[in-house]
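S.K.: Counted from 1, the sequence shown has number 42 at position 42 by the numbering used here; the numbering is strictly sequential.
The set of hints was computed from the structure by calculation and includes no laboratory data. Accuracy of the hints is not assured; some may be wrong.
Below, computed lysine-lysine pairings styled on DSS-like, alpha-carbon distance capped at 25 Å [stated by the list, open to error]:
hint: 1; residue 1: Lys160; residue 2: Lys150
hint: 2; residue 1: Lys44; residue 2: Lys160
hint: 3; residue 1: Lys150; residue 2: Lys44
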Amino acid sequence: MRIVVLAGGIGGARFLRGLKQAAPDADITVIGNTGDDIHLFGLKVCPDLDTVMYTLGGGINEEQGWGRTDETFQVKEELAAYGVGPEWFGLGDRDFATHIVRTQMLGAGYPLSAVTEALCARWQPGVRLLPMSDDRVETHVAVEMDGESKAIHFQEYWVKLRASVEARA
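Turn these sequences into a full structure, and let the hints steer you where they fit.
M.R.: See the structure below:
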């Protein structure tokens with residue numbers, strides 16, 4: 001049986017774990033959300049692809065539902081000591097390695113789909129994980145803050161502001 005799933009984030013990853021248990025012999029292809037992707041510290045971060053990959057590959061922080069298990073944050077602390085942010089986005093040391101490899105491969109000309117396949121070779125998630133697009137896609141939210149209308153990255157809206165500001169578009 002072949003199954004294709006559109007998924008992203010914690011809920012999508014947990015659904016996929018259950019699907020794999022319910023249909024252990026299925027050939028599962030996951031088209032992962034890249035609309036939440038962001039560039040931080042010069043690195044391409046794909047939170048939804050990574051959450052699916054880490055969850056199905058056994059490396060997810062189960063308590064949080066995102067990030068790596070046994071994660072440390074020394075790089076983040078050092079960056080903060082230099083006054084470099086954003087501090088609100090929790091990239092751990094192990095997670096940085098994934099983003100460094102991804103960014104290097106993209107810089108060498110590989111499309112995101114090939115990069116994701118290479119990262120999955122390490123994690124063995126048991127599904128074929130594809131990004132929804134090889135093109136750069138980011139979601140921005142129109143908000144009004146301090147009397148000013150502006151567009152902010154979805155991650156800033158969701159993680160930093162915890163969706164506490166009314167979205168205009």
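S.K.: Check each numbered hint against the structure and report the violated ones by number, ascending.
M.R.: The structure breaks none of the hints.
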